[in-house]
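S.K.: Residue numbers (my numbering), protein chains in the order written: chain X, 1 to 66; chain U, 1001 to 1263.
Hints are computed from structural coordinates only; laboratory data are not their basis.
All values reported here derive from a predicted model rather than from experimental measurement.
Treat the hints with care, as some may be off.
To be verified - Distance condition first, Cα-Cα at most 30 angstroms in a straight line; then the derived DSSO-like pairs of lysine-lysine:
#1 U/K1258 <-> X/K45
#2 X/K50 <-> U/K1077
#3 X/K10 <-> U/K1077
#4 U/K1077 <-> X/K52
#5 X/K45 <-> U/K1140
#6 X/K19 <-> U/K1077
Unchecked claim - Derived coverage of chain X by chain U (criterion: at least 3 residues anywhere in the stretch with Cβ under 8 angstroms from a Cβ of chain U; other residues may be distant):
#7 29–38
#8 54–60
Virtual Cβ for every residue (Gly too), placed ideally from N, Cα, C.
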Amino acid sequence: MQLVINGEEKTIEDIDTIKDLLVNLGYEIDSVAVACGDTFVSRSKYAQYKIKNGEQIEILQPMQGG
Amino acid sequence: MWQLAGKSLNSRLLCGTALFPSPQIMRQSIIASRAEVVTVSLRRQTPSKNGGSSFWDFIKSLNVHVLPNTAGCRTSKEAITVAQMARELFNTNWIKLEVTGDDYTLQPDPFALVDAAKALITDGFEVFPYTTSDLIVAQKLVDVGCKIVMPWAAPIGSGQGIIDPRALQTLRTRLPNTTLIVDAGIGKPSHATQVMEMGFDAVLLTSAIALTNDPENMARAFAGAIESGRLGFESGFMPERNMASPSTPTIGTPFWHKEAISK
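Next comes chain X alone, as it looks inside the complex (with noise of 0.2 angstroms):
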């Protein structure tokens, strides 16, 4: 599957989910909030939101800010 993951085109097989995603990439759930396309997607739905051929995917994590 062809997916723009935080900017980057990346090929990720054998994945279903954003779960299956996250897990693959090496995240921690719990420690990340994710949008597809510009659409928030919370974390209760990971398990159920189905990937969609080259779809753009925000994984954003705590960062220091002004």
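Assemble the complex: chain X is given as a structure, and chain U must be docked to it using the hints.
M.R.: Just chain U now, with coordinates in the frame of chain X:
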């Protein structure tokens, strides 16, 4: 003690967490500032760095309220999405709403800002909008439900101090029931004292503390400056006079002269 979005706070200094030379200096500076609210953000990070969770654990250990921001967002939709992500990640409905309209000045886009504020308030957020000192934009933010407005003193990170004191004073006068926090452009403790003397409710600082030779001591200096300005405001200032008026009693003045000195 004062109230900010339902929380009782002692300090009127809100402190950023960015730009410090090290996490340890950031921690020491936040403690020295006596800030009870710190700002944070969300960014893309690679999973191997694990930076996000360790930073978040670090902030949680400070036992302060967190105010996530939407820094870098350029549209209302982006800001709304980042706010929703922040709410889940930081477990708070507070959001420092930033929608950049110009990359050179980092001046907010007032139209997108108001649109996003309206949508986020409807969605249950406590919105802290970062804006300029424009009165009408601030009034529109209040009209859509913002109880807090955060005008700049000068552009973010410029350290210029109050570039338009009349505009800030007008905001304070025209919005007496809105919590007003000066958010950007402060460079020196005296700038912070000045805005607190105007009657602003609090000051949010990052660069003015983090980018100094001694952030911990500067944090301490700002804490004192903000407290001094507030105490001065609450005490009421003496009326200004055009002429001098002696403070020492004139009755019993030695070597009394009847005629005024006039040269």
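S.K.: For each hint, tell me whether it holds in the structure or not.
M.R.: These are the hints, each one checked on the structure:
1. U/K1258 <-> X/K45: 89 angstroms, violated
2. X/K50 <-> U/K1077: Status holds; Cα separation ~22 angstroms.
3. X/K10 <-> U/K1077: 25 angstroms, holds
4. U/K1077 <-> X/K52: Holds - the C-alpha atoms of X/K52 and U/K1077 are around 21 angstroms apart, at most 30 angstroms.
5. X/K45 <-> U/K1140: 35 angstroms, violated
6. X/K19 <-> U/K1077: 24 angstroms, holds
7. 29–38: Held - the segment 29–38 of chain X has 7 residues with a Cβ nearer than 8 angstroms to chain U, which meets the minimum of three.
8. 54–60: holds (count 3)
The structure fails hints 1 and 5 (numbered hints given earlier, in ascending order).
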